[in-house]
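Visitor: Make the full structure from the sequences, and use the hints.
Residue numbers (this note's numbering), protein chains in the order written: chain R, 1 to 360; chain S, 1 to 360.
Quick caveat, the hints were computed from the structure, so don't treat them as lab data.
Don't take every hint at face value.
A pair holds if it fits inside one copy or across any two, identical chains being indistinguishable in the list.
Unchecked claim - Distance condition first, Cα-Cα at most 30 Å in a straight line; then the derived DSS-like pairs of lysine-lysine:
id : residue 1 : residue 2
1  : Lys4      : Lys48
2  : Lys343    : Lys35
3  : Lys35     : Lys4
4  : Lys4      : Lys231
5  : Lys4      : Lys46
6  : Lys129    : Lys7
7  : Lys57     : Lys4
8  : Lys88     : Lys57
9  : Lys88     : Lys129
10 : Lys160    : Lys11
11 : Lys303    : Lys231
12 : Lys35     : Lys11
2 protein chains.
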Amino acid sequence: MTHKNFKNIDKVTYGRGSFSQLAQTVEPLRNENNKYFVYVIDNYFKGKPLSNQLQNKTEDLVYFIDVDPYEPTTQQIDQLRDEILSKKGLPSGVIGIGGGSIMDIAKALSLMLTNEGSSTLYQGLNLIKKPGIYHLGVPTTSGTGAEVSMTAVLTGPEKKLGLKCDWTVFNQVILDPELIASVPKDWWFYTGMDTYIHCIESHNGIRNNAFSLAYGDQALHLCREVFLNDKAGQTPENDDKLMVASLMGGLSLTYSEVGVCHALSYGLSKIHGTRHCFANCIIFQHLKDIYPEGVDEFNQMIKKHRIELPQNLSKEWNEDVLTQMATVSYNLPFMWNHAFGDKYREIATMDYIKDLFRRL
Amino acid sequence: MTHKNFKNIDKVTYGRGSFSQLAQTVEPLRNENNKYFVYVIDNYFKGKPLSNQLQNKTEDLVYFIDVDPYEPTTQQIDQLRDEILSKKGLPSGVIGIGGGSIMDIAKALSLMLTNEGSSTLYQGLNLIKKPGIYHLGVPTTSGTGAEVSMTAVLTGPEKKLGLKCDWTVFNQVILDPELIASVPKDWWFYTGMDTYIHCIESHNGIRNNAFSLAYGDQALHLCREVFLNDKAGQTPENDDKLMVASLMGGLSLTYSEVGVCHALSYGLSKIHGTRHCFANCIIFQHLKDIYPEGVDEFNQMIKKHRIELPQNLSKEWNEDVLTQMATVSYNLPFMWNHAFGDKYREIATMDYIKDLFRRL
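Guide: And the structure:
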């Protein structure tokens, strides 16, 4: 079809304190399959107050998962799936509580619990064969848009690429701005900037329409309130807004695309394991010729919040490493096409991409 | 639950020309139930080009329905349901093509095809007992938000009230801005103003949060571009925007409420049969003391597009008629509460409401 037919999150709860409704929300699902839920939670919360508010039942399996420093891998999902199925069979559903990586793990796990073989088989668009099980996302950082997207990004032995299909989208998300209050300042900034960069890239390219612009521009407006204006900073009011900005930034991409920063970011992350949002920030500061206004505003926000980004990384990279990074980025033609139009192949050559990496 | 858990439209297609994807979109559903679709289409399109682009199959039932001057009634839905079931049994799905009234008919019909007895039994929140069948909406006017809402408003012998539950929400909408290009100018204005008034009412009240504000304020921004700014008017670019504004205005109400204008509008429509969007406009012009900035802007838009609204209607209304109208409006406490806060019962008395009607 020419026009995308996009799958929404089935149900959305938004509001301060709404996390306390988790148990009620999943109660009607508890008779499905082997009548238990799997929780996947960012290890960051182990021993923290949130770990006492999980509302889990004794039969549930609770996994605290370390997503630092590495992003989710295909191997990790396959192992977790095998362990869960051999322990207790098919669960009623998966509940993910954490940042973008945990959202991706919950989405991927839901699919891989019903699809046989390694998740590497399904990296790409519409390769998944059967619907996954019920999955619910509770984001504790805001910005990646993973709570709303139809992709579960995994790093495999060969590629960093999502399991992407309608069934990837969450059945339920609970958006409780209280949960993002405790994000350390630097990660509050990096993850929030993921939305900001999504929207700048989404706006500046050829694959736009009024839908993506309306969502993207409102998300940018909210980002400016959270990160740039007089009342900027980690306040409850701004947490409320950032959570909506992340959702809207994600929806903006439904009818648009990310661009140069994300294409480079995938190369940086795949070869060096750099976390996605952080990688975006490291790169975006150097793209003023491509996104002049966006990078100007970004640098103002960097200054305002006294964020220090690593510099001169490329000193350590030899030609071989640069080629590996550039190859990953080069193989994301949709992003380059969106950013540079029909003649993108003439512009975004391997040499050009390597030169962009040399700026870092 | 304290925080609403709202049901999204399952799938959304947006874009110029996307209506041509209708047949492809429903193809996978054609094996459901008795393997045929019911089309409900605004009679306005009978003999017009759109009626040759329906992409229906010979087995489908196609109903052109006159929604002028009256809004959908419970009796109408019950009769249509009975006729469809006796003719061909349970359809695979219902496809609605038209404005807000047709959207309401498609939603109500989908529910009443599986729920026994009269639709008057189900007017209210969560009274429907079984999920309806697949239903797809193709709006041809923009503004009511009926394409996204969880209610199918019906006028019954006793009340004008929606069938309201998660199952009311469309499984699919196709948003093709080309379809709203032919709306006559006055109805383009009235229906568009429904979104504008939604957002003014949603913003000015006690039941707000950052979600409803972000959606409502962006819808207002789009309305200003469509109806107020230099480039205002019925242009393709503005049709693109108005269709998104309607969706966002509807989503703004998810975490907020309409207010005084809608409360009065229900009274006017129930007693005099005035169409919803038109009734809103007739009323809103007189509410400057309640929504000062909104009414100012509304009057600028009225002037810009040379819309003439009826005046001095209340001359014809005796005390008995005013009491009937005010009773309908009085019995919408959520709207008055949202608009006036906790002391709303002291403000929005029957006498006060009658006085508001006397302004018309």
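Visitor: Please flag the earlier hints that this structure goes against, numbers listed from lowest up.
Guide: Number 2 only.
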